[in-house]
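Enquirer: Sequence:
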Amino acid sequence: MKRSCYCRCCLAAVFFAVVFTQVAVLQAQVGRKPLGKAQIPVEPSQMPTYVFEQLKKDPYVKEHFGWKLAYCQHPMYLLIDEDRGEPAVGERIAPWGAPNAEQYVERVRRNLRSLRELADLKLNYQWSAVELESMVRKFPDVYEEMKELYKKGSLDFIDGSYSQAHLQ
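The numbering of the sequence shown is the working numbering, which starts it at 7 and goes up by one.
Hints may contain errors.
[Stated by the list, open to error] Derived BS3-like pairs: lysine-lysine, alpha-carbon spacing no greater than 25 angstroms straight-line:
{"id": "1", "residue 1": "Lys128", "residue 2": "Lys158"}
{"id": "2", "residue 1": "Lys144", "residue 2": "Lys158"}
{"id": "3", "residue 1": "Lys157", "residue 2": "Lys144"}
[Unchecked claim] Restraint ranges, calculated between C-beta atoms of paired labels, are given here:
{"id": "4", "residue 1": "Ala94", "residue 2": "Arg143", "range": "40 to 46 angstroms"}
{"id": "5", "residue 1": "Ala94", "residue 2": "Pro65", "range": "28 to 34 angstroms"}
{"id": "6", "residue 1": "Tyr156", "residue 2": "Glu49", "range": "44 to 50 angstroms"}
{"id": "7", "residue 1": "Arg143", "residue 2": "Gln60", "range": "37 to 43 angstroms"}
These are computed hints drawn from the structure, not numbers from a lab.
Bear in mind that the values here come from a model prediction, so they are computed numbers and not experimental data.
For each residue, glycine too, the CB sits at the ideal point set by N, CA and C.
Input sequences plus hints: build the corresponding full structure.
Expert: Encoded structure:
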């Protein structure tokens with residue numbers, strides 16, 4: 007993976023930091039009541055475009071990143087499993103990420119054990135179908151355990167896209 011992709015990931019982190027900061031400010035202004043039309047400038051479906059346009063106006067972004075911005079969702083398991091670029095992407099750096107798929111799947115196994123041990127615990131994963139297919143090939147035991155916990159109602163999956171495409 008090239009350095010420019012690493013910069014995009016860093017920029018995505020900055021993007022979300024800016025968004026969450028603004029949300030916190032708005033929540034404080036309205037006393038943590040639900041946001042109304044005065045605080046939400048556009049329809050929800052237009053929010054990514056609106057935020058992107060606002061970020062492009064930011065002096066820091068202009069100076070350091072030019073107009074190279076990315077708003078993305080990414081398949082974390084695949085990045086961990088397949089990326090071997092330098093520098094390593096954040097998904098492959100502890101404590102958030104894992105250096106390889108085997109170590110990442112150990113985390114998944116630990117989470118699944120917790121579901122078995124704690125009856126009231128619920129867990130969901132936002133994985134694309136491509137990631138699950140890849141994991142099934144390498145770790146069929148994890149897949150079988152996931153199916154069992156899904157049937158039990160302890161585990162669920164959200165989003166459901168095939169590839170979690172990057173939106174750039």
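Enquirer: Each of the hints needs a verdict: does it hold here or not?
Expert: Here is how each hint holds up against the structure:
The straight-line distance between the Cα atoms of Lys128 and Lys158 is roughly 10 angstroms, inside the 25 angstroms bound, and the hint therefore holds. About 24 angstroms separates the Cα atoms of Lys144 and Lys158, which keeps this hinted pair within 25 angstroms; it holds. Distance restraint check for Lys157 and Lys144: the Cα-Cα separation of roughly 22 angstroms lies within the 25 angstroms cut-off, and the hinted pair is therefore satisfied. The hinted window of 40 to 46 angstroms between Ala94 and Arg143 is violated, with their beta carbons roughly 23 angstroms apart.
Distance hint check for Ala94 and Pro65: the Cβ-Cβ separation is about 30 angstroms, which falls inside the suggested range of 28 to 34 angstroms. Remark: the range hint 44 to 50 angstroms for Tyr156 to Glu49 is contradicted by a beta-carbon distance near 34 angstroms. A C-beta distance of roughly 42 angstroms is found between Arg143 and Gln60, which places it inside the suggested range of 37 to 43 angstroms.
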